[in-house]
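Undergrad: One-letter residues, chain by chain:
4 protein chains.
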Amino acid sequence: MIHASIVGGSGYTGGELLRILLSHPDVDVVQVTSRSHLGEYVYQVHPNLRKRTKLTFSDPEALQPVDVLFLALPHGQSQEKIDGYATLATHIIDLSADFRLRDPAQYHKWYGKPHASAQWLPRFVYGLPELHRMEISTARYVSGVGCNATAANLALLPAVKAGLVDLSFPVVVEIKVGSSEGGAEGNPGSHHPERSGVIRTFSAFGHRHTAEVMQELCIDHLTLTMTSVDLVRGVLATAHANVKAGVTVKDLWKAYRSAANENPFLRVVKEHRGIYRVPEPKILAGSNYADLGFEVDEDGRHLVAMCAIDNLMKGASGSAVQCMNLMFGLDEMMGLDFSGLHPI
Amino acid sequence: MIHASIVGGSGYTGGELLRILLSHPDVDVVQVTSRSHLGEYVYQVHPNLRKRTKLTFSDPEALQPVDVLFLALPHGQSQEKIDGYATLATHIIDLSADFRLRDPAQYHKWYGKPHASAQWLPRFVYGLPELHRMEISTARYVSGVGCNATAANLALLPAVKAGLVDLSFPVVVEIKVGSSEGGAEGNPGSHHPERSGVIRTFSAFGHRHTAEVMQELCIDHLTLTMTSVDLVRGVLATAHANVKAGVTVKDLWKAYRSAANENPFLRVVKEHRGIYRVPEPKILAGSNYADLGFEVDEDGRHLVAMCAIDNLMKGASGSAVQCMNLMFGLDEMMGLDFSGLHPI
Amino acid sequence: MIHASIVGGSGYTGGELLRILLSHPDVDVVQVTSRSHLGEYVYQVHPNLRKRTKLTFSDPEALQPVDVLFLALPHGQSQEKIDGYATLATHIIDLSADFRLRDPAQYHKWYGKPHASAQWLPRFVYGLPELHRMEISTARYVSGVGCNATAANLALLPAVKAGLVDLSFPVVVEIKVGSSEGGAEGNPGSHHPERSGVIRTFSAFGHRHTAEVMQELCIDHLTLTMTSVDLVRGVLATAHANVKAGVTVKDLWKAYRSAANENPFLRVVKEHRGIYRVPEPKILAGSNYADLGFEVDEDGRHLVAMCAIDNLMKGASGSAVQCMNLMFGLDEMMGLDFSGLHPI
Amino acid sequence: MIHASIVGGSGYTGGELLRILLSHPDVDVVQVTSRSHLGEYVYQVHPNLRKRTKLTFSDPEALQPVDVLFLALPHGQSQEKIDGYATLATHIIDLSADFRLRDPAQYHKWYGKPHASAQWLPRFVYGLPELHRMEISTARYVSGVGCNATAANLALLPAVKAGLVDLSFPVVVEIKVGSSEGGAEGNPGSHHPERSGVIRTFSAFGHRHTAEVMQELCIDHLTLTMTSVDLVRGVLATAHANVKAGVTVKDLWKAYRSAANENPFLRVVKEHRGIYRVPEPKILAGSNYADLGFEVDEDGRHLVAMCAIDNLMKGASGSAVQCMNLMFGLDEMMGLDFSGLHPI
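Residue numbers (the numbering used here), protein chains in the order written: chain A, 15 to 358; chain B, 15 to 358; chain C, 15 to 358; chain D, 15 to 358.
Just chain A, with the same shape it has in the complex (with noise of 0.2 Å):
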């Protein structure tokens, strides 16, 4: 049994979390703090879990050892208290922004400050088994990752790692993604009368996780381009890239379809017929599933490639509790099994 606390249980990835590991078989929930929140039972802030857990938020300064400690804090906390938290557990999962990039540099560049702890950079691995998945197995501190870099990463990967891809054109990523993304506080903006129906292109250039697709695709002229719509979980990354000469169809399916058959939570989505003929984050509410799809211009050298994902799952806390089933030797998928639904 591994002993799990998670750190910042208040927020939607603190609580989805939580929700996973409560019905993960192998994994005993020790700890949830919050602080607004402390006392309370956690299903006062998290309604799904009522009768499901008799847990109360504790008090973060007052965690306990565990095997493996998840934080789940606002950007920016974990690299100020990174050395005390690595004293009260062997394993750190951090699904913060803190432990993405590698390069200090980096970080201070997107992030507008230099980082905190950059000595520890070089100890975590960024934490898309997809990507990482040896590493992580070996690893004591994965970072988290973020969910719209998850679907960009995802939809370019497989054309990427077959070398398919053209990488001297600029890619243009337009993600679309539902409200939960901005987190548990609200703001002027997520006011339902005003977020309720929008198609908001909020931003153009320069959101934070450009950096992380940067840095795990090795692309230099790469845009993310975000827009917000009606819908509370989901992200549907729509990708433009050049293909080089002579890459055809073929050689796109036969790199998609491998990505799906080395990965149990890659599913290729290509239909000629139903409803269903193209990735779609709804369907994928509450599953670790990434769907991927592509598609080429009749010039065979325009790629749009799409992939949709749960931002809280595969896009944060069940590619965490994925990693962690790896960092402990666990079958990758365990706990990690509801299918979505349809219709929802």
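Hints may be right or wrong, so weigh each one.
Copies of the same chain look alike in the list, so a pair counts if it fits in one copy or across any two.
Listed below are the simulated SDA-like cross-link pairs for lysine to any residue, each with C-alpha atoms no more than 20 Å apart in a straight line [said to hold, decoys possible]: (1) Lys127 / Leu102; (2) Lys127 / Ala176; (3) Lys95 / Glu75; (4) Lys175 / Thr152; (5) Lys284 / Thr101; (6) Lys264 / Asn275.
If you are wondering where the hints come from, they were derived from the structure by calculation, not from laboratory data.
Once you've looked at the hints, dock chains B, C and D against the given chain A.
TA: Okay, now just chains B, C and D, sitting in the frame of chain A:
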């Protein structure tokens, strides 16, 4: 030309008033006040008004004299300053709850504190033209209406007015509402991920609008039960009442049809085919119509009466402008001619 | 291992059954039939099941003998072929309305034609474990439940069972429902531009599920009033009833708490703070829980009882699998352990 | 008074035309045809028009001569009967795709069959006033516009017209659309449980509206990628293009501001604070505005240009009425003065 100002113009009812008045052929909007957005263009808060007006938000302390002052302040503020406002305008329409109830004791009971200007209560007319058209025509002070109260009042008005309802039996009105009812200020429950897709019976008993329906329709045993659903604008009241023995469907048809004939904004919706057979709020967004419908059970005693409105129009700003039209001898429908959209 | 087949697997209840059974540790799904999708992979219709099963839709005429047959056919079909099905399986769970009513006269009244196999009606048990757990445990033939009937039944069950409700007064249940209730076949009113954002009281009286509540709770004066709202999965019943003189809130608390203690899928939601203070269907998507709540008015006589469910789970396929578990002596919760999501 | 008739009035564009024309001060609607709803009141299909008109649907074979005929038929029908229609009206505005392309070869390529009345193609002017105001003013035959083409055309028009875009680089336009684009006829994918909450990239390449943008903006390397999202009315185009070396943000500001100054329905939305900083379709429901915005990356070469419209207004019926106004020498904005709603 009627000179009008809006006090409290950054909220939803204030914005809707402004939208209507800017298109009203006989009105000149002099000032729109907002403390929090002082000096900003009104279109920065109400983006639909971009390129429609160069007005900026004024200081509420610097109001100029006008013909009519619309007060769109949070509940409790108008009653504190009504004497001052009365020196600035011959006519006042107050959209808050402050002057809706005639009896100070009822105000105290439902709003939890004594009224600060009880002597003003008899000077105000309840601002629903379908109930008080004549009095409003000669009034100088008119209150606004509660949006839920309006849906309940209009659902039952034709039947009650025609003496068809047996008011010795309790009346239950189940009201379903969109999110704009809660106003422009967010709260944890209005955060999109929490508010999206809800069916939330947030008030089983004791909603303050109950008092307005009791007062206006003289119903003693009345329950308004409030449920939030996923929509921005719109209220549907489904009222359950007992009709007197011997009342026929024909009698009800006559009562509802008469109401629609006598009131330009009432329509009866009771079709046997097509998609829109019953009143529905979604097609009313932006319109001042109230759509009415009714059904009677096999035994002929249980009446279900329905009313759909746009809470910001017929349930607030639309009715207020309709009152202004009456107070100034204009055509009741002036400035209120938008038909609503289909589909939407 | 229980061998199970699903007859009529391309609809929403069939798909949901399949989703549950594929994850059920003690069930082997043998066949899933569909005439219209014969030979297609089930995941082409139910895209959430991609990579979960290689099953294809079978011919309903080529059913093999199994332990339990789930019939998920349109209403009216099971009663025509029940004798044939009974030769194929020792246990049958019919999710249609065909075997829910015990009295053939009631069936005739509510469904407009005589029952084709009235002799089978007494052999079936009404498939709501919270009402008939013992009988179901020893039954071979179990009916499904109407989703709206289930929400109404469970809202009132604790109070009625404890003798707290005065059934000489009429009971009105206002039910709000999502779009999946209408099934997988579209119609003009389910076209997204028409269905999105509706609040549509499509049935004031006479909904067929009324008969199930009258039968199961022995209520004579009952109205179910149905309103469609914008949501895919979910039902909320808000029931208005009179409690007997002298009944206290404490009595009601006791009744509802007991129900939750005795039934693993019932929960009482009645909080004084937080966002989720009352039962809400959205957090139940995919879960088999029924969340119950209640309020009483100042006079202590008017009870508002609430129940939220996922219409495809507790209101259909979830309850059916719960019955199967009971019929085969398994833990009632097996395969039904998904907690639901937050946020969603 | 202009006498106008609508051929094909039961669809969404026909209904929207009717709504506009009924409120147009200088238009008298003579007939609205529909085969499938022959003889029904138009308000039975377009419920927003109840109490606005007593018109019934006429037989398309019994059209009377009028000043202007609006053809709102499914694609392919106008070209078959254009000679006949031309005998009935001096002016024709065809909202279908039949007369949008000037080159019969392009029509053949994109619509898969030869044009049935190719000799008529040169007589039609492409009906987007922002592109062809002068020609429309003197034209007798004007085509409608593709809604997606209009969003793409207007997003890029100011920059392209000012010569700021380097069209030797490919242009990618990511377009997000609501469900009313699909028309009033349902299909399996428009069934609410399937369509609700989607983010569905249903067309990566080859959308027919591409041809209109290529023609009107003279862009050779153009991709329109289409994604459906959860909204009824609205299109947002997010266009990615390269600006020429040396072009500054100031140049772009000047181009976009000029476009807004010269065109009454264009607005620039580019704010640094508030909720509505970029173009958003939801606040445009029912309005004829096209909101434009743009961003440039750090290097100053990658332009993201945005345009939000209501697909049924600026993207179809609104532009058609704007053309009619120009053709008959009226104020371009007549009948098109609805500002849109906030919130919505």
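Undergrad: The structure should be examined with respect to each hint, and the outcome stated for every one.
TA: Cross-check of the supplied hints:
no.	hint	in the structure
1	Lys127 / Leu102	neither (27 Å within a copy, 54 Å between copies)
2	Lys127 / Ala176	neither (36 Å within a copy, 39 Å between copies)
3	Lys95 / Glu75	within (11 Å within a copy, 50 Å between copies)
4	Lys175 / Thr152	neither (23 Å within a copy, 58 Å between copies)
5	Lys284 / Thr101	neither (48 Å within a copy, 41 Å between copies)
6	Lys264 / Asn275	within (16 Å within a copy, 51 Å between copies)
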